[in-house]
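Peer 1: What follows is the residue order along each chain.
Number of protein chains: 2
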Amino acid sequence: MYVIQYNDDIVVIDAGGMFPDESLLGIDLIIPDVTYLEENREKIRALVVTHGHEDHIGGVPYFLKKLNVPIYATRFTLGLIELKLEEHRLKRDTKLVPIDADSELEFGEIKVSFFKVSHSIPDCLGIVFHTPEGNVVHTGDFKFDLTPANNQYSDIHKMAEIGQKGVLALISESTNAERKGITPSEQMVGSHMLEAFLRATGKIFVSTFASNVNRVQQVVEACLETNRKLALLGRSMVNVVDVAIERGYLHVPEGMLIAAGEIEKFAPERVAILCTGSQGEPNAALGRLASGSYRDASIYPDDTVILAASPIPGNEKDVSRIIDNLFQRGAHVIYGSGSSTGMHVSGHGYQEDLKLMLTLMKPTYFIPIHGEYRMLHHHRMLAESVGVEKGNTFIIRNGDVVDIQDRVARQTRSVPAGDTYVDGVSVGDVGEIVLRDRRQLSEDGMLVIVLTLSKRDQRIIQGPDTITRGFVYVKESENLMREINSLVKKTVNDLQEENIRQWNVIKQNIKKAVGQYLFKETKRKPMILPIIIEI
Amino acid sequence: MYVIQYNDDIVVIDAGGMFPDESLLGIDLIIPDVTYLEENREKIRALVVTHGHEDHIGGVPYFLKKLNVPIYATRFTLGLIELKLEEHRLKRDTKLVPIDADSELEFGEIKVSFFKVSHSIPDCLGIVFHTPEGNVVHTGDFKFDLTPANNQYSDIHKMAEIGQKGVLALISESTNAERKGITPSEQMVGSHMLEAFLRATGKIFVSTFASNVNRVQQVVEACLETNRKLALLGRSMVNVVDVAIERGYLHVPEGMLIAAGEIEKFAPERVAILCTGSQGEPNAALGRLASGSYRDASIYPDDTVILAASPIPGNEKDVSRIIDNLFQRGAHVIYGSGSSTGMHVSGHGYQEDLKLMLTLMKPTYFIPIHGEYRMLHHHRMLAESVGVEKGNTFIIRNGDVVDIQDRVARQTRSVPAGDTYVDGVSVGDVGEIVLRDRRQLSEDGMLVIVLTLSKRDQRIIQGPDTITRGFVYVKESENLMREINSLVKKTVNDLQEENIRQWNVIKQNIKKAVGQYLFKETKRKPMILPIIIEI
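Going line by line, the protein sequences match chains A and B.
Going letter by letter, the first sequence gives residues 0 to 534 in numbering that gives the first Met the number 0.
Going letter by letter, the second sequence gives residues 0 to 534 in numbering that gives the first Met the number 0.
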């Protein structure tokens, strides 16, 4: 999420959601912290969304619950946003404004215009913010594909024009700033897809991101060429394809689509299946197909499975597990990029794409975004290589502010920002403490030690009883348990003799004694939870 | 671990350890289940180790604790094994027999000979088992490097001779069966290393596996060329280099090595540092250097950091996190394995290497090992492409047995086998139940609900009190807690009226009621632990 502010007018760009890595135990989604925006809610004029990928719209519902501002996006992007709003029952109360590359808007003193960019989802925009200080350009996610599918090209002429008029600051994505050369064209996938379809004898399963409509279109073309029906598996695949067809971004011949239930009715060589799960999610369609637990369809020997997406960093293991299962079912599995058989091309520009954007825009100041630090670093190098002055590039962190005054940019201050965790339905109630506990619990489990003391003389009336979870098999560790209990008894009695009666002290000592003993015996540090009842 | 058995003679090959992925919460190491061997302990003649990598020797100490058999390995491999035995105080009671490629041994009716193979650690062996049925060859891990460092070549002539004499079954590793072409030579790394050293202005940090002695040797050569002292950071780096020098596998000029404490005493351009942590381990030397928390040395702008190892699948994220930190410190970071600047080559043969091995050995039967299923599958294809008959390849799982009788091989039965988990000091006491608990705890944490009932009439005397960990911030969830307690009260009272007094029933109902309520409210499923005290 990025924010453009001029005096008392604020325009927000994108409201993404990020999926957590394993270290964030139990967290379902990460969304931006919008404290600063809440403090300036009266200044916010609009949320403008560049395109419909999760990391740009995933946070929209949560954002709206805090800040109900009108949303501006292209028709396809709005379609995907609407799916989310329906889930969260927010559609009725939200103002959605469809725009296109020719739209021109005014938000207070900020004028906004757009330009088409090519990416791995239809209808993507770059944004120009015209301010009295000068023009600021946000590229959105992009690549230059000169032979795009479905006419989703990057509008080089308009970009050149924007650059000619002068760009004060360029904000550009850096995902592939480490990759040399220029991004291969989506057409490459199309031809490889067709070859695979022509070679295939049995059923064909293609797994890709539902939102990659151009790729879906190429699957449709291949089905047409090879006279196959097409079935859709997986909720998001069905939903997104619906939106794409209904809004005219995807063209499927009458009668080609069949229901999942009909797959087995056709001869294998007459059917293709588009399914979710390209990232190895065990419960998505492909994952269940690979494990043989999908109701409507099964993978038989000689079926072909095409993974038309490359694993996002962190998903490699899940994906390769699924590939293994597919091979074990005897399927022909086509995976991996690589120009020879490649079934995937990136939607993000490589170094030459990024340099072309920089060259077209000729910005005075440059702010590389969207990527790990090393990618931003490489993007800065690229910028300097095409003429951006040293020192005019700002590598910023979440919350950092770049102030531009009298055409001079400075990065001095920052505002509250960061990650907000969504766990289940509640937002922001899980933080470091809770996560730290989850981490300890996940490593070595826990022990609950219950004992009942008499109010009068602190004698132990009952217990201690020890309950463990996630620590060891109790039945195989009776000695350990016996030791713990006698250790607790001893600890409590010793304290009694010293006449120490504060619960917190008793609990601390129990924790300490048992903790040290267990670490000595097992080298583990389970969470220890002493519970004292006084009667 | 593989087992060759002829009648009443058993020879065990390797005893590795595997590092668990995130799904095995808290598990430190995975070792082979040796039930079958324990049942046949009197038949075991030897443990023969092909080379000194963790996944081939990591399980040795645990193996010895159950089965104290003599270990046969080359001098370098033995050196690494001894380090482990010292840790586990097993050295005194273990019989270690040094061997080399020319050794010939007899274990009952099984004669054993060896051949040199090239890999990413010195002194690797392939093994030939001469049995009355015929010869079985185990390749160990290998590649063909015609210009190896330190003369660690694969002995093609001896392999050819073995093949000529006839190989009944070949057991060959499959790690890179998916990779086309032939493995690049270690020499490539050497030249790139030297270039980087010649270009570098500040300190040079090189991170690689300590056991990759040939690469360490190339770093030493580069230091010599560029007149730099060399420091070693990280316990395993120090230990392994000691073993390598002492046993003559690594040659370091007099006076080149300096202590970690001396690094800052020399001019930056006169020092190089070899450190552990190439897999992104946050607590290894490189990880601590990257986060600026290493006592003896720091990374300054213009220092060069070379990652001379590629991340093992699953470690990508940790490694890239460290690369980011290094860039943020202003270091020149050289990483990735492109042939242009590549600082790493694989120690495992690519497809052409594997085909060459198959061609040299001309086996009747083929057993691809060491790799995910898809790699074994590809290796089978390679074998058939060079003449192994269809149907003569056996893709086996842990515990599967390939029986060969009258020169006919069958895979019909299997023996107890699988993974044994090591958690802390104890082996095998953590299984699925404990892990399942840890998983639940890690996802949503837990609630302990304590209430005291009167023996007489089951009245609630105290409580219910609810303690949570890893679930939510209690102070922000007082309503939730209040709700839970009244829900528990109600549940208990209702049961009383029905005169139900069994604890397990009461507990079950509490779990059910609270669980449903919490899922409705929070969409989370914490572990619920009702504790009832009766007075």
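Some hints here could point you the wrong way.
Treat identical chains as interchangeable: a pair holds within one or across any two.
The calculated lysine-lysine pairs, modelled on DSBU-like cross-linking and capped at a C-alpha distance of 35 Å, are [what the hints assert, rightly or not]:
#1 522 x 316
#2 510 x 522
#3 65 x 454
#4 510 x 42
#5 83 x 510
#6 316 x 524
#7 83 x 522
#8 511 x 354
#9 510 x 489
#10 522 x 361
#11 354 x 488
#12 65 x 511
#13 264 x 354
These are computed hints drawn from the structure, not numbers from a lab.
Peer 1: Evaluate residue 522 and residue 361 at a C-alpha cut-off of 35 Å and name the case that applies: within, between, both or neither.
Peer 2: neither (60 Å within a copy, 50 Å between copies)
Peer 1: Could you place residue 511 and residue 354 in one of the four classes (within, between, both, neither) given a Cα distance threshold of 35 Å?
Peer 2: Neither way: residue 511 and residue 354 sit 60 Å apart in one copy and 60 Å across, limit 35 Å.
Peer 1: Given a CA cutoff of 35 Å, do residue 83 and residue 510 count as a within-copy pair, a between-copy pair, both, or neither?
Peer 2: Between copies, since 33 Å is at most 35 Å while 47 Å is not.
Peer 1: My question is about residue 354 and residue 488: at a cut-off of 35 Å on alpha-carbon distance, are they close within one copy, between copies, both, or neither?
Peer 2: neither (72 Å within a copy, 68 Å between copies)
Peer 1: At most 35 Å between alpha carbons: which applies to residue 510 and residue 522, within, between, both or neither?
Peer 2: both (16 Å within a copy, 32 Å between copies)
Peer 1: Checking an output row: residue 522 and residue 316, CA cutoff 35 Å. Within, between, both or neither?
Peer 2: both (29 Å within a copy, 27 Å between copies)
Peer 1: Can you give me the call for residue 316 and residue 524, within, between, both or neither, at a CA distance of at most 35 Å?
Peer 2: Cα proximity of residue 316 and residue 524: in one copy and across copies (28 Å, 26 Å).
Peer 1: Given a CA cutoff of 35 Å, do residue 65 and residue 454 count as a within-copy pair, a between-copy pair, both, or neither?
Peer 2: neither (50 Å within a copy, 51 Å between copies)
Peer 1: Within, between, both or neither: how does the pair residue 510, residue 489 come out at a Cα-Cα threshold of 35 Å?
Peer 2: Both: 13 Å inside a copy, 33 Å across copies.
Peer 1: Give the relationship of residue 83 and residue 522 under a CA distance limit of 35 Å: within one copy only, between copies only, both, or neither.
Peer 2: For residue 83 and residue 522, the Cα distance is within 35 Å only across copies (18 Å; inside one copy 47 Å).
Peer 1: Checking residue 264 and residue 354: alpha-carbon separation at most 35 Å within a copy, between copies, both or neither?
Peer 2: Answer is neither; intra-copy 52 Å and inter-copy 43 Å both fail.
Peer 1: Please work out whether the CA atoms of residue 510 and residue 42 approach to 35 Å or closer within one copy, between two copies, in both situations, or in neither?
Peer 2: neither (52 Å within a copy, 48 Å between copies)
Checked against the numbered hints above, the structure violates hints 3, 4, 8, 10, 11 and 13; every other hint is satisfied.
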